[in-house]
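J.: What follows is each chain in one-letter form.
Protein chains: 2
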Amino acid sequence: MASAEAWAYSKMNKYPKAILDLIDCYQALPGVGKKTAERYALYTFFHMKEESIIDFSNALLSLNKDIHICPNCGNICEDQVCSICSDPERDHSQILVVETVKDLYTLEKVNEFKGIYHVLNGAISFSKGISIDDLNIDSLVEKVKNGEVKEIILATNATLEGETTARYIKELLGEYDIKITRIAHGLPVGGDLSYADEMTVLKAFEGRRDY
Amino acid sequence: MASAEAWAYSKMNKYPKAILDLIDCYQALPGVGKKTAERYALYTFFHMKEESIIDFSNALLSLNKDIHICPNCGNICEDQVCSICSDPERDHSQILVVETVKDLYTLEKVNEFKGIYHVLNGAISFSKGISIDDLNIDSLVEKVKNGEVKEIILATNATLEGETTARYIKELLGEYDIKITRIAHGLPVGGDLSYADEMTVLKAFEGRRDY
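Quick mapping for you: the protein sequence lines, in order, are chains A and B. Plus 702 on top of the position in the first sequence (first one is 1) and you've got the working numbering. Plus 702 on top of the position in the second sequence (first one is 1) and you've got the working numbering.
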C-alpha cells in the first residue's frame, strides 16, 4: 500500500521545480507554513515584476556580501565597525544591553539614548538549551574591565529568559565600580489597566514612584 | 517642525541598506507588513546559512528564466506546454475551469480528475475592477468552437465573484452542444452542521440528492 501511494504521488502533477524550490525557501522563514509559502511563491511569480524579482534576488546575495556583525557591540553593519560604535558624538561610557538587533533598532527609533549598545544575541533559556556560553557576553565584560564603562542599562525582555539573563549579568559585573540599571516595566502608555496581564500590573505596582 | 522631524529621521540610525532592501522585498508579499518583513529579513541574515541564501536567490531568478505560462490552459510550466496538456493519457474533451493555478494543484492533489484544466487567472469582480477582458477566457471559447470539448466543469469559487464568472461562462457557451457542470458545494466532509455558515447550509440543502 505504501509503495502504491508513493507511486501515485510520483505520478501526481506537482508545481514546476523552480516554484517548489521557492516554496521551500519561503517555508524556512519563521512562522511560514506550507500553505503560506505556496501563496508567497505563486504571488512572486504572478504579481511581482521581473525587475523586482531580480532586486529581491540581489538583496539576498547582498546579505552574504555586505553585512557583517560589529565586533564591538554585535550590531549588524556594512563597515568594519557599526555606525553607532563609530559615532564620536555618542557616549561610550553608557552601554545599553539588548537581546537582539531588532531590539536595538526599536530603541534607536525613539531617538533618546545617546550611549552605545551591546547585543547579546539571545537570552539564557533552559528550554531552548541556550546557555551563557552561547551569548555575546565576554566582550561586554572586557569593556567593563578596561574601565571605559560608567553605566550598564539592562534592556533584556521581561520574560523568564530575559530576567535570568539580566540577573546573571548583574552578578557577573557586581564586583566592578559601575552603575547597573534596568529599564522600567509597567503599563504601556495608552494601555487600559483592566486589560493588562497580572505580571505587568505587578511590575507597574512594584515600580511605582513618587508623584 | 516637519523639517526638524525629517532632520531627526535622517540622523536616526537605521538598518544597513541590504537589510532595508530585503525588508522592502518581503513587504511586497501578500499579507506581510513592515514588522513581519523586518522579522523575515533579520531571520534570513541571522539564521539562514550562506548557501541557503544563495539557493533562495537562485530560486527567485529561476522564476524569470524557467517558468512560463502554458499557452493552452494558463497553468505554469517549464516546457512549451504544461505537463497536463501534453499528457496523452488525459481526456482532452473534459475541461475543468478554475480561477487560479493554486486551485488547479489543489484539485490535482486529489488525483481523481483525468481531463485537462483551464485557468482563468481570476474572477469577474466589480469591486476590484476585474472584467471579463482581464480573464483568460478567449482560448477556452476557441477550444469549444473547434468541437474538441464534450464537458466543461466550472470550479470557480462559491463567492459572488466566482458565481458571477461561472454564470457568465455558462451563458457564453450556452449555444454550443456541450455539457456544462458545476462542482458541488455543500457541507465539508467532517464538518459540523451547526458550525456551518448560512450560505453553505443553503447550498447543501439545494444540492440534496436521492439517498
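One should not assume that every hint holds.
For chains that are exact copies, the list does not tell them apart, and a pair is met inside one copy or across any two.
Said to hold, decoys possible - 30 Å max Cα-Cα, derived DSBU-like pairs, lysine-lysine:
1. K845 - K719
2. K719 - K816
3. K905 - K811
4. K872 - K719
5. K830 - K852
6. K716 - K852
Hints are computed from structural coordinates only; laboratory data are not their basis.
J.: Please go over all the hints and tell whether each is borne out by the structure.
T.: Each hint tested on the structure:
1. K845 - K719: Cα proximity of K845 and K719: across copies only (29 Å, versus 51 Å in one copy).
2. K719 - K816: between (50 Å within a copy, 22 Å between copies)
3. K905 - K811: So K905 and K811 pass the 30 Å test inside one copy only (24 Å; across, 53 Å).
4. K872 - K719: neither (53 Å within a copy, 35 Å between copies)
5. K830 - K852: Neither. Shortest intra-copy (33 Å) and inter-copy (60 Å) distances fail the 30 Å Cα cut-off.
6. K716 - K852: between (62 Å within a copy, 26 Å between copies)
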